[in-house]
Each structure stands twice: as C-alpha cells, then as structure tokens.
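Chemist: Chains as they are written, first to last, in the working numbering: chain A, 1 to 300; chain B, 301 to 790.
Worth flagging that the hints you see were computed from the coordinates, not collected in a lab.
Any given hint might turn out to be false.
[To be verified] Straight-line alpha carbon distances no greater than 16 Å define the calculated EDC-like cross-link-like pairs of lysine to aspartate or glutamate that follow: (1) A:148 to A:269; (2) B:325 to B:538; (3) A:83 to B:537; (4) B:544 to B:321; (5) A:81 to B:534; (6) A:81 to B:321; (7) A:83 to B:321; (8) A:81 to B:538; (9) A:148 to A:177; (10) B:544 to B:329; (11) B:322 to A:80; (12) A:297 to A:281; (13) A:83 to B:653; (14) A:297 to A:141; (15) A:148 to A:281; (16) B:325 to A:80; (17) A:81 to B:537; (18) A:83 to B:538.
All values derive from a computational prediction rather than experimental measurement.
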Amino acid sequence: MSGPGTSDREQLAATVLATLSFLIAIVGALAFAVVYIRGPEVVPAYTQLLGVSAMLAFGGAGAGVVFWAHGLMPQGPDIEKRKFTGPSPEERERTATVLKESTEAIGRRGLLGRLLFGALGAIGVAMLLPFRSLGRAPFPERARTGWKAGRRLVTEDGRPVRIDEMAENSVLTVFPERRVRDADSQTLLLRLPPEIIRPLEGRESWSPEGHIAYSKVCTHAGCPVGLYQVDTQRLLCPCHHSAFSVLRGATPIFGPATRPLPQLPLGVDREGYLIALGDYDVPVGAGFWTWPSAARKGTP
Amino acid sequence: MIGRLARWLERRVGGSDFLRDKLSKVFPESWTFLFGEIALYAFVVLVLTGTFLALFFDASHTETTYFGNYSPLHDVEMSAAYRSTLELSFDVPAGLLMRQAHHWAALVFVAAIVVHLSRIFFTGAYRRPRELNWTIGVTLLLLAILEGFAGYSLPDDLLSGTGARIAYAIIESIPFIGVWLGSLLFGGLFPGEEIIGRLFTLHVFILPVLFFGLIGLHLALVFRQTHTQFPGPDRSEDNVVGVKVWPTYTAMSVGMFMFTCALLFGLGGLVQINPVWYYGPYDPFVVSINAQPDWYMGWLEGSLRLFPPWEFSGARFMVANPFFPAALLPMLTFAALYAFPFLERRLTGDRGEHHVLDRARDHPLRSAVGAATITFYAILTIAGADDIVALLFNVDITGLVVFLRVAAVVGPVLAAYVTYRWCRDLAAGTAEAASAGTHGEAAKDEGGDGEQGPGQRWSPRRRWRLAFAGLAAALGYGSARRDRPPDGRS
Numbered sequence: 001m002s003g004p005g006t007s008d009r010e011q012l013a014a015t016v017l018a019t020l021s022f023l024i025a026i027v028g029a030l031a032f033a034v035v036y037i038r039g040p041e042v043v044p045a046y047t048q049l050l051g052v053s054a055m056l057a058f059g060g061a062g063a064g065v066v067f068w069a070h071g072l073m074p075q076g077p078d079i080e081k082r083k084f085t086g087p088s089p090e091e092r093e094r095t096a097t098v099l100k101e102s103t104e105a106i107g108r109r110g111l112l113g114r115l116l117f118g119a120l121g122a123i124g125v126a127m128l129l130p131f132r133s134l135g136r137a138p139f140p141e142r143a144r145t146g147w148k149a150g151r152r153l154v155t156e157d158g159r160p161v162r163i164d165e166m167a168e169n170s171v172l173t174v175f176p177e178r179r180v181r182d183a184d185s186q187t188l189l190l191r192l193p194p195e196i197i198r199p200l201e202g203r204e205s206w207s208p209e210g211h212i213a214y215s216k217v218c219t220h221a222g223c224p225v226g227l228y229q230v231d232t233q234r235l236l237c238p239c240h241h242s243a244f245s246v247l248r249g250a251t252p253i254f255g256p257a258t259r260p261l262p263q264l265p266l267g268v269d270r271e272g273y274l275i276a277l278g279d280y281d282v283p284v285g286a287g288f289w290t291w292p293s294a295a296r297k298g299t300p
Numbered sequence: 301m302i303g304r305l306a307r308w309l310e311r312r313v314g315g316s317d318f319l320r321d322k323l324s325k326v327f328p329e330s331w332t333f334l335f336g337e338i339a340l341y342a343f344v345v346l347v348l349t350g351t352f353l354a355l356f357f358d359a360s361h362t363e364t365t366y367f368g369n370y371s372p373l374h375d376v377e378m379s380a381a382y383r384s385t386l387e388l389s390f391d392v393p394a395g396l397l398m399r400q401a402h403h404w405a406a407l408v409f410v411a412a413i414v415v416h417l418s419r420i421f422f423t424g425a426y427r428r429p430r431e432l433n434w435t436i437g438v439t440l441l442l443l444a445i446l447e448g449f450a451g452y453s454l455p456d457d458l459l460s461g462t463g464a465r466i467a468y469a470i471i472e473s474i475p476f477i478g479v480w481l482g483s484l485l486f487g488g489l490f491p492g493e494e495i496i497g498r499l500f501t502l503h504v505f506i507l508p509v510l511f512f513g514l515i516g517l518h519l520a521l522v523f524r525q526t527h528t529q530f531p532g533p534d535r536s537e538d539n540v541v542g543v544k545v546w547p548t549y550t551a552m553s554v555g556m557f558m559f560t561c562a563l564l565f566g567l568g569g570l571v572q573i574n575p576v577w578y579y580g581p582y583d584p585f586v587v588s589i590n591a592q593p594d595w596y597m598g599w600l601e602g603s604l605r606l607f608p609p610w611e612f613s614g615a616r617f618m619v620a621n622p623f624f625p626a627a628l629l630p631m632l633t634f635a636a637l638y639a640f641p642f643l644e645r646r647l648t649g650d651r652g653e654h655h656v657l658d659r660a661r662d663h664p665l666r667s668a669v670g671a672a673t674i675t676f677y678a679i680l681t682i683a684g685a686d687d688i689v690a691l692l693f694n695v696d697i698t699g700l701v702v703f704l705r706v707a708a709v710v711g712p713v714l715a716a717y718v719t720y721r722w723c724r725d726l727a728a729g730t731a732e733a734a735s736a737g738t739h740g741e742a743a744k745d746e747g748g749d750g751e752q753g754p755g756q757r758w759s760p761r762r763r764w765r766l767a768f769a770g771l772a773a774a775l776g777y778g779s780a781r782r783d784r785p786p787d788g789r790s
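Bound-form chain B, shown alone (with noise of 0.2 Å):
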C-alpha cells in the first residue's frame, strides 16, 4: 500500500534518493533534546483545539445576557465574547475540556520552549553554524508570549480585561508614540469597542501564521544542518551518533507526541485552568485582589510591582513609569536574547563550526551568565504574585516588596558566584578523575569529556552526589574534589 503511493508519487515527482537520503538520517540522542519536541506538539494540541473554540467563540464586545446551563450568571449583562466563552464551557459537550486543554498547552508551549531555550543555551549549541536558528527560535519565545497573552484576553473575564487595561497603560506609556500607538491598536481610548475582535484576528490568524512559517524552517533548519550531540565514545565533529530517523526516531517521536497529548488533555480534564464564570464579566471600574497572569506574563508582572516610583518628568513630556520596567526591559531582554550568540563570538573570539555541545562547567562564565539571567527572572515571577506569597508566609507585604527588590539586584549576583565556583570545582574535579582513572589520559585528551572517558561510567547517584558536593563547596562546605572517581572498586 505505502510502497504503491510511493511508487505513485516518485513516478511523478521523484526524489526517491532524497526520501532515501533522509530516511536513514541519524538524529542523536538525549533527554535533554525532548524539550523541543513537546514545544512542537503542544503546538499541535492548541492548533486542533484552537480550532474547535474558534467554531463556537464570538469575538464581539456586543452587550447581551446568557441564559445557559450555568445559572449563577443569568440575566448578567456581558459582552458576547464572555457569553459565548461560558456557553462553549458549559453548553457545548466537550467544550470544557478542549477549552482547558487548549490552556494548559498554551502552558506548556511557552514552558517547553523556555526549557528548551534554556538548554540551547549553556550546551552552546547556538554557535556557528545555528546562529541563525537560534534567532528564529527567540522570535517564536516572542510570538508565544504576544500569542498567549492574545489568547488570555478574548474570553472578556474580569482577569483578562484587567490585564488588557495594564497593557494598555504599558503602550501609552511608551516615548513620542505611546498614546496614538494605543489609541490605533485599540480603536480609541480604553476599552473601545474593537480590542477583541483584533486581538482574535491576531491569535487565530497573523501569529498562527507566523509560527507555521518559523517552525518549519526551524525544522528544516534541524534538518539541514544536523544535529548538535553532546562529547561521547566515537562522538566527533565530524559525525552524528545516534538512532535513524526510520523507524526508531519517528517512533519515539510519535511516542512524545502521544503523551503531550495524553498530559494536556488528563491536565484540561482533571485541573481547573481559568474558570472565568468566578471572575464574572469585565467592567472598567471592577477589579479583583490577588489577581495572577499566566506564568509567562509574571515577570512582567512582577517588574511593574518591583520597580521603584521612578518617573521622569519635565514641562511638557514625561517618561512614565511603566515605560521602564514593561517597555524597556521586554526590550532590552529580547535585544540580549537575539545578541548573545554573536556576542559571545565577538568575545571569545570563537568562529569556528561547532556541532559537539558543551558542558555547562566547560564554559563557567556562560553558565554563570545563563544562571543570573534565569534567577532575575524567577524573582520578577515571584514578586508577579507577591500578594500570594505575603498571604502563604503571612507577611508584610510592604516588606516583601522591598525584600524582593532588594533580591532582584542581589540575587542574580549571588547565583552568578555560586555557579562560576560550582562549575570550576566541577571541572576540576573532572580533570583529577581524568588522570586518575584508567583511561585517564585518553578523557584528557578529548578535553572536558572526562567524567565518563571509555571504559568509565559512573552511576547517577554517584554523578549526583559529585554535582551536590560541588554545589556544597561553591557555597564553601567542603570541597568537590575529596570526590575519588571510580576506579574499578566502588
């Protein structure tokens, strides 16, 4: 049957020696290389449910009421976006559950691909020749979190029309354009009555088409230039070890994309996400306490709280507050995601094609760079719900705040030291388990694949301990290199 279509189709298009070709490409692997994978799938999942919300949702500010099998709602006077958001939630079958899919894999999306991200990042794998991809994968960080917070904001619910009023405090606040850049993205001043019938077009059609267009070449940017491997026995440069993409690869892939689905949908049926018939309907001048964005949206969250009174002020123009911790940092954080590849050539004065990846202790000054960046961001999170926090540990808030502000400039520092210390400690004790191992001279030799040159494995737990040991002598505990490699015995 397939051996007839393929026929069919060579007899006709051709590229037999391509199909071939491609078949028996090798793709390496690991763990750490699934993160991607389950961004791609999770995009899946939100296209196929995305699509069925889109069959039964109205993007309308129309004023009307809803009288459906939700009753603590009726006779509320509502836009037809919240009415139809509660109708596809409680009166279509199987809505409910598509909705919450839908917004657990948008979750997930943005977290997969910030894991991802993440590993790109201290394995090196950004380097020439993926410079390129690299820069297409920021782009999709961005398209997401424009995506998600679209998407947040169409049900017309009292969180997300909240959010929406920040957001448009945000745009207004930015230089020369601010007001006229609000006043055209909305329809006029706040709220108008456009923003949702925009937003839906933005979320169901422009990104989705963007992303379609990004993903595939950076899939085929994958597939063109190879795969990055991580150092190993017969591992070079100038090869890839690992498992053909027919069948093994394919299977396992198809297996990933199986259990994303099996997560998002367990997720969208057992876990409440958004139940926005609690929150009611979105009025101006209503608003509610302890109220979070998605988890993407936190640090935006947090750095409006965090960021001091500050406000620049003279006669006739002003750069307002917001402008600086919602405008200039998303900036200035996506010019240095963008840069730091070509950053990082200019630097070390690194040009050469790479496609072994690094180990995060090779290279303590990226890791350092990697570990402040991800503990600024996770305490701009924190303080995103610093109303939750103060509740959960019963404290001032006001001294929370100030704490917190405090950590974000302190913070980064400190992690920065710790995994500069943890990654050399690590290195050095891989380099004296190096030499004294059996093969110790052959690991030196491919430099930095030492803790596990050929012939020597260690066990997990005893990788883990050696990790820890050297984490606890950063901190200045002990230190990592008492850790004897194995040398047969234990």
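In isolation and in its complexed conformation, chain A is listed as follows (with noise of 0.2 Å):
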C-alpha cells in the first residue's frame, strides 16, 4: 500500500500545482514585508494589504503542501491493527499484586494517614481564607447609593439643574453632587405635564412640578436605562428590553425585569435647584439573594 498510487500524468500535475502554490506563497509573504516596511503613511489600505498578503503566503503553503500531499505521498488505505484494549487479565493481576502489597505497607499506619488528609485539609481551608482579599464586604455600600436627603442633582459635568431649566418630555441623567459618574447614583430626571402623572401612594409629593426621577440602573441586569419613548411615556433598557412606564412609578411593562426602577423623592432648595429628599427605599440594579431585607432596612 506505499506509494502514491497515482499516475505520471497525476504526479507531474501535482508538481506543477505545488509549485505554483510554494511561488505565490513566496510572493505573498515577500509583499507582506515589502507593504510592513513602506508603513501605513505610504500604502493606502495598509491593513487590508497586510491582510491579503498574509493570505497568499499562507494559503499558498497550505495548497502546495495539500498538492504534494495528494499527488505525490502514499495515499493508502493503509491498514493498521486497533492496539487499543484494556489490559490482559494478567497484566491487570499484577498490577493489582503491586498495588495491594505496597498499600498493606502503608495501611498498618491508619492514623498517620488520617492525619494527612486532616493535615492537608486544614492547611487547604487555611489558604483558601486570602482569597478574601480580593474584595471588600458588599454590605452596606451595595444597598445604598451617594443620594441623601439635601443633596443637589447635578449633570454629569458637576452643574447643579434648577428646577425651571428643562424642556416638558426631555430627560436629563444626573448625579447626587460630590458622587458625579457614580455607577450606583445614576438617576433618570424627567420632566413631565405634571397632570399626567399617576404617582403611586405615598409619592405624590416626589415629584415637584412635572420633575420626576427613577434609579437609571435596570432592575433586571444592570444595564443603564437607557431609552426614553415619549410618545408612550415608557423607558426602554436597550439591553433585554424590559420597559418601565413612567408614569405609574416606573412599574415593568414588558420584558424581563420584574421590579420598578427605584423612585428618587425630589424637591427643590431655597436657591431653586432641585435637591433629593433621600436615598432610594429599595436597592437600585439587579436582584440579589438578601434584597428583601436590605430593602426593608432602607425604607427612609
């Protein structure tokens, strides 16, 4: 079965083509050096031509390789004898004579070998504890944010937003000041017809004239809530597209998010510049194994 098994004509054919493939192999690695040295100031589509020339010289050696291969090397079917078995029952016997002598040799000691193991787990529990060090204990950062009651909004330049600046229907992201572009704080402040608004029990003084702002941070995943349809006064993550109606407390409307954005109580200071009136009541972005109890801690 040696040999290639193929005729002349056939051999002299696959020389021919594997040595055209092994020239434009050279070509294109020789082009590849010549546009790398001349610089992308000099060759226009410096990346592209980088590209194709790595493709010739590579795709050239590959054919010429596959040419000579198939042309020129013994194609078989060569047969071989499938050596994969199990061990021989004898073999397997005195493996097991091996194992069982010199395992009664050690298994007089038992109580030495107990000690290892418990010496070896002490000492793995011990080394697992500095992987402690690599975080901080989450509590109480994460069921807070930087919002306390007094605390200005400001854009995420550090401007305070007085309360007549925005627009009817516009949405501005701000920030508690002294936390600016603070993951946890970011907060959507939208301006609406104050009549519209459907506050829910207990909120209808949060949201002074039309003002009204939800936790930017997507109660589902943490995406920031990103999207505000005016024309169905929704708010949209533009992640898995949870939506949140803005007028009934930001309560989930469609999607995977199963809580409403947290609700941030405004008013506004003596200077005319809006102002929280607390942290949020609940934690704000995805849910969490002790949410429930963190939530009611925070109720202000």
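Build the complex from these two chains, which are given one at a time in their own frames, with help from the hints.
Modeler: Structure below.
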C-alpha cells in the first residue's frame, strides 16, 4: 500500500500545482514584507493589504503542501491493527498484586494516614482565606447609593439642575453632588406635564412641577435604562428590552424585569435647585439573595 | 541533517522504536474529522497573535487620554486599557491586523469546537473508551467561552463594559453567595478598579495554562486510544483504515494549519471586527442600542431576553430573575453535556467498546435529542439579536419576543419529531436499498452499512436527493422509500 498510487500524468500535475502554490506563497510573504516596511503612511489600505498578502502566503503554502500530499505521497488505504484494548487479565492481576502489597505496607499506619488527610484539609482551608482579600464586604454599600436628603442633582459635568430649566418631556442623567459619575447613583430625571403623572401612594409629593426621577440602573441586569419613548411614556432598557411605565412609578410592563425602577424623592432648595429628599427606598439594580431584607432596612 | 539529529537524540534519549511505531500509525480520513484540527490551529493563531497584542496592551483602569493617529478620540477621558487598545489598533504597525485576526480566531475557535462536538455527538464517538476525552472536550468548550468573554471584556469599550455589567448582575443573582462573589471578582462593587487587570491575568495566564494542559491531554488520548472511523469496506472494530501519520497525514494537517492561518489573517485584514473606536470608552451610565455580544455568548444574551419576568421573592430572600436564564441554564447545559455519555450508557445498557462510528440515521432517538438541543440554542442565539431581527423584518419587538418564547419551547420538540421521522425513513430506505442491491445481503450483515455496501457507490447528488426526500417524507410530503437504490443502470 505504499507509493502514491497515481498516474505519471497526475504526478506531474501535482508537481506543477505545488510548485506554483509555493511560488505564490513566497510572493505573498514578500508582499507582506514590502507593505510592512513601506508603512501605513505610504501604503493605502495598509491593514487590508497586509491581510491579503498574509492570506496569499499561508494559503499558497497550504495549497502547495496539500497538492504535494495528494499527488505525490503514499495515499493508502493503510490498514493497522487497532491496538487499543484494555489490559490483559494477567497484566491486571500483576498490577493489582503490586498495588495490594504496597498499600498493605502503608495501611498498618492508619492513624498517620488520617492525620495526613486532616493536615492537608486544614492547610487547604487556611490557604483559601487569602482569597478574601480580593474583595470588600459588599454591605452596607450595596444597599445604598450616594443620594442623601438635601443633596443637589447635578449633571455629569457637575452642574446643578434648576427647577425651571428643563423643557417638558425632556430627560437628563443626573448624579448626587460630590458623587458625579457614580455607577450606582446614576439617575434619570424627567420632566413631564404634571397632570399626567399618576403617582403611587405616598409619593404624591415626590415630583415637584412634573420632575420625576428614577434610578437609571435596570432592575433586571443592571444596564443603564437609556431610552425614553416620549409617545408611550416608557423607559426602555436597550440590553434586554425591559420597559417601564414612567407615569406609574416606573413599574415594569414588558420584558424580563420584575421590579420597578426605584424612585428618588425630589424637592427644591431655597435657591431653586432640585435636591433629593433621601436615598432610594430599595437597593438599586439587579436582584440578589438578600434583596428583600436589604429593601426593608433601607426604608427612609 | 534530520537523520543526524535523530541519531544524536536516539543515543541520549532512546525511543527509536516508539518513533517508528508512531510515524507509521494510521489515521482514518473523513472531512468531518477536520473540525477538531481547525480548533487546534485557531488556538495556535490565538496564542501567537495574542502574545503580540499582550506586548502592547495595558490592563489598567487608570484614567488617561489618547493623542495618537485616530483623532476623533483625542482628549477624551478613557482608561489605559481602552487607550492602549486604540494605540495597538492605529499606532502600532500591523497591530490592527493582529487584533482583528485574534478576534476572528476566537470566533472560529469556539465555532470549530461546537461543530466538532456535534460531530462527536451524532456519530456516537463519545462511547467507551472515549468518555474521558468527551469530558475533556466539554471542559475545553467551557473554558473557550470563558476565555472569549474575558478577552472581549479587556478593551474597556462601551460594549464590553456593558457585557461586564450584565455579568456582574448575573453573578449577584446567584443564591447565598452572589453579592460576595461579585465583590471578590470585581474587587468591590461594580465597576471597581480591578476587573480588567484580573480578567487579563485570567485571559493570558490562568486559562491558557489550562488550555495547554487539556489540549495536550485531549490529543494524547486520541493518540493512545486510536481514532474512530466510519463504517466501510474492510473497516472493523479491530483495525484502523486510513493513511499513515508520516508523511501524508502530517502534510495534510500542515496544509490545514496553513489554510486556517490564511483564513484568519484574510479575515483579520479584510473584514472589520469589534471596532471599539466607534463604541467609545465605557462609562457606567452610557449604553448603546442594538448591542450584541460575540456569537458564542448569544445564547445567554437571548435567554436573558426571553426569560419571562419571574423572580422568587420571600420575606428575607429572593432568587433574582437573571439566575434562571444566565446562571442555572448554563450550569444545566454543561451538566447535561458532561453527563450524556454516561446517561446513554445507563439508558441503553451498551457498555461495549466502540471504534466504528454510528450514522445519525441509525440512532433516531439520539439524533432527535441532538437536533432539539441545537434548535433550542439556535433560537436563543437568534433571540440574543432580536432587536436586529425586528429591525430587519420590520416587526414589533414585543411580538417577536413572545413569538421566540413560544418557539424556544415548541421548536426543539418539532425538530426532535422531524429528525426522528427523517432518521427512521432514511434508515428504512437504506435497508430497502441494501436488500435490493447486488450485494444486498453483505451490506445488511454489516448492520446499517447499507447505503454504500461493497461494490455500490451512489453519486453525491443521489445521496443528497435521498436525504432531502427523507426530510420531505418526515414532514409528510411523499415517502423516501420511493427513491430506488442504484442497480447498476442509473
């Protein structure tokens, strides 16, 4: 079964094709070098030409080898006896004997063996502790944000927002002052026609002059709820398409989110700037194991 | 030259009998065996291009600004990670080629693994003695997805940052330990100052070390246990029919490596991928629409989007919504993958050693399970891009989500049914063909080897026709059995 098993004609064709392919590979490699040395300032479509020349170089080399292998190398079919089988019974027996004898030699020191396992276990547990250094205790921070009673609402540039500056049906991303750009404190401030807001019970005073503020962190998987649809008064999370009703306490109306976006109680200070009247009453963002107890503790 | 080196080694290390034995080892040939090789060679390209990139990448959250060749982002505040990604794309010669080839290689790597795994599944190659190698392969798939996600998250652009944000929420949703686990991984609450450095260590050290070890073990086991082969003339459980490792198989494999490189560098040069400069640096309060992860994360994104708004909340504790689609589902997925060979063994009672591969049609139930699985994850992947689909077909996204929710349940059942019928009809057609053929009895004796019994050979076109007739029959249009076997005249 050795020998290429192809005709002279086919062998000649394979030789010619392989030769051509290897030549293309060399040209491709040279082209790659030239493009690289000339550099992106001189060569237009630099990255594209690098890619094409590399493709020629590798492709040519690959084609050459394959033509060679197909036309000029032994094709088989070769047949080999499959040697893979489990061990023979005698072999297994011999191994078992060796194992048994050596194990018996150790086995008489049973107490030591158990102590060794105990020691290794204790070391394992002790060595796990340093992994604790990787993080900090997540609570109480996870249940809080940077909002406090009296804190002004500021834009991402740190500019405070006045009660009279927003147009109706406009939206702004705000942060508590001194915690600008804080991920957990990000809040969407909307101004709506006051008469269309249907506040939840106990929140009647949270939206002065139609200003209403919700946590911008989606209660599903934590993405910023970045889209506001004016015509349907919905907030939309672009990640997984949860939709929240702006007029009705940001309750979820579509998608995987189950909990409303927490609402920030708003007020106005003496100089006419919008302020928070407290923190959110529940943890912002996605749910977690102790969310319900954290939510109850956080009630202002 | 090679001879002298071999002699030199032989005198010091020995093992010429080993070498002789291995060089004349026979490997069976089939184009379906190439996917594992493609995965291996994509991995080699990943290591080479990745090493190049690592020399320029700065895995840090430190705030900085960029003033290189890409002027639209001059003077924008960004992390050092994002800046160095821009620099190695625009200011390092050949850097963009390497980065794009690296990203394409990652996509091809995971894709090749998945196709390879499907081939192993449908041909029953995981049966004894290869269950161990199946579990190593499944582990490699798991690590490949993790490695891909870690790499995707490094540039600290808007998309990758959003992906990390979602990952954090998924981790938080895990009962008991979620919030703590998130804090340990991210070095505090999201986003923290640590995650990019840690993902970098994971991406370029911890996972690659595991890859090297497991890939080596995977290949060593293939070598040790010998390769499976499809049934055919002269082929049996006791032999391997194919070509020898040296020189033909080696040459073909080197050719495959070269082709993989050609494909990946061609894509890297010509087809833009992950243009992070359009997305901008990550800011936790900015988000973009129509954002999709790399394809191999699409099923998780899709399951997050499709899973209904369910959450289990008590007075003190809750199991949050993302846990079910994005933590539990992957756990069950991989548990099922790991368990399958052992499960099948239990259910069928087949404990024998197998070196000859099955054909999908001869195991309709297994094929149906495979088809249902693929359909389920394909629907989830489509759901991961449902906004694009909605835009493309101009349909309402809410309606589409409802449709896909139904499809994710009904689709796999339907696929299983159709596949089952298809396999049964094909097998029946095969048997009929075998008994009608000249060497019908011989073919029948070999069990399921009938389509191409000794002396028969159907043209590829004919085989396709038969296959599609089978599909049509399974769907209730006509019958595959009408397709007569070749009798020497056709």
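Chemist: Output the indices of the hints that this structure fails to meet, ascending.
Modeler: Violated hints: none; all satisfied.
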